[in-house]
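Novice: Sequence:
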Amino acid sequence: MTSSHGSGGPWSDLDRPPLNADALRRALVRPDGLWTSLDVVPSTGSTNSDLADRADGLPEGTVLVAEEQTAGRGRLDRSWVAPARSGLFFSVYLTPDVPVHRWGWLPLLAGVAAATGLAKSAGVDLSLKWPNDLLVSVGGEERKTGGILAERAGDHGVVLGLGINVSLREEELPVPAAGSLLLANAVSTDRDTLLRAVLRSLEHWYGEWVRAGGDPEASGLQAAYAAGCATLGRRIRAQLPGERMLEGEAVALDGDGRLVVATEGGGTEAVSAGDIVHVRAES
62 MTSSHGSGGP WSDLDRPPLN ADALRRALVR PDGLWTSLDV VPSTGSTNSD LADRADGLPE
122 GTVLVAEEQT AGRGRLDRSW VAPARSGLFF SVYLTPDVPV HRWGWLPLLA GVAAATGLAK
182 SAGVDLSLKW PNDLLVSVGG EERKTGGILA ERAGDHGVVL GLGINVSLRE EELPVPAAGS
242 LLLANAVSTD RDTLLRAVLR SLEHWYGEWV RAGGDPEASG LQAAYAAGCA TLGRRIRAQL
302 PGERMLEGEA VALDGDGRLV VATEGGGTEA VSAGDIVHVR AES
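Reminder that position 143 of the sequence shown reads as 204 in this note's numbering, one-by-one numbering, no gaps.
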């Protein structure tokens, strides 16, 4: 979810201090909690890959955070470029005790958790672009500030990775459509505070979802995602597997987390995977 521009030492940019791993562990790793370990590494290729490679020997609740990633991946193997210590780049290992067909809700759950946690800790309103993007408003323009990647790992688990741009400045943006919490006028860009908030929110939503047997309606997840989803009610263009294109209005989210699109012919189609573009309204 991120690549780096070269980091120098951990104090090479005084506006971007290193994370305090000991303090994060004291705050988040508890005997009765979800998070069982938390490690911060200065640099790695991909936190998702690191956890996936060790998945069969990991306990649920393992958290790996990187100050920078050199081979980070987003959905469709896209890279997400950011300087070291400019964001939150982390993965968690989960073994959901829910029916496997419900596991597709995990990236949506992570989106709700990140958006609610950051709204409280950074004072920024975030919206969700289906299926795995976090959006902020920068100068009235919708910008991507984060992404989510869920991958099956080992025999019984999922690695869930998040990359969130925190302190990127305008001149550091990899593409014009990118944003950051700083550019969205966050009241705090303290990454320790933000990471604690996101992981606590993720623990809450994951717990509700598991207790409901993965049922998105009973857990409140489906309603929460729909309420924060910027894609719903919008005209969208979807690049689907097999290079098929679909255009229409995103009207709902079904019980499997699929995006329901009303098409030109008056019918609907449920999209389970695709590259989604929000189509601007004609002026």
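Simulated from the structure, these hints should not be mistaken for lab results.
Incorrect hints may have been included.
Derived CB-CB ranges, DEER-like [stated by the list, open to error]:
no. : residue 1 : residue 2 : range
1   : G328      : G303      : 17 to 27 Å
2   : A180      : G200      : 31 to 41 Å
3   : R87       : G184      : 20 to 30 Å
4   : V236      : L75       : 38 to 48 Å
5   : S249      : G94       : 17 to 27 Å
6   : R298      : G94       : 36 to 46 Å
Dumping the calculated EDC-like pairs for lysine to aspartate or glutamate here, alpha-carbon to alpha-carbon at most 16 Å [unchecked claim]:
no. : residue 1 : residue 2
7   : K181      : E231
8   : K205      : D251
9   : K190      : E325
10  : K190      : E202
11  : K205      : D186
12  : K190      : D336
13  : K190      : E203
14  : K181      : D253
15  : K205      : E310
16  : K205      : E231
Predicted model, so just to flag it, every value in this text is computed and none were measured.
Note that CB positions come from ideal geometry on N, CA and C, so glycine has one too.
Novice: Among the hints numbered above, which are violated by the structure, and what are their numbers in rising order?
Specialist: Numbers 2, 4, 7, 8, 9 and 15 - these are the hints that the structure violates, sorted from lowest upward.
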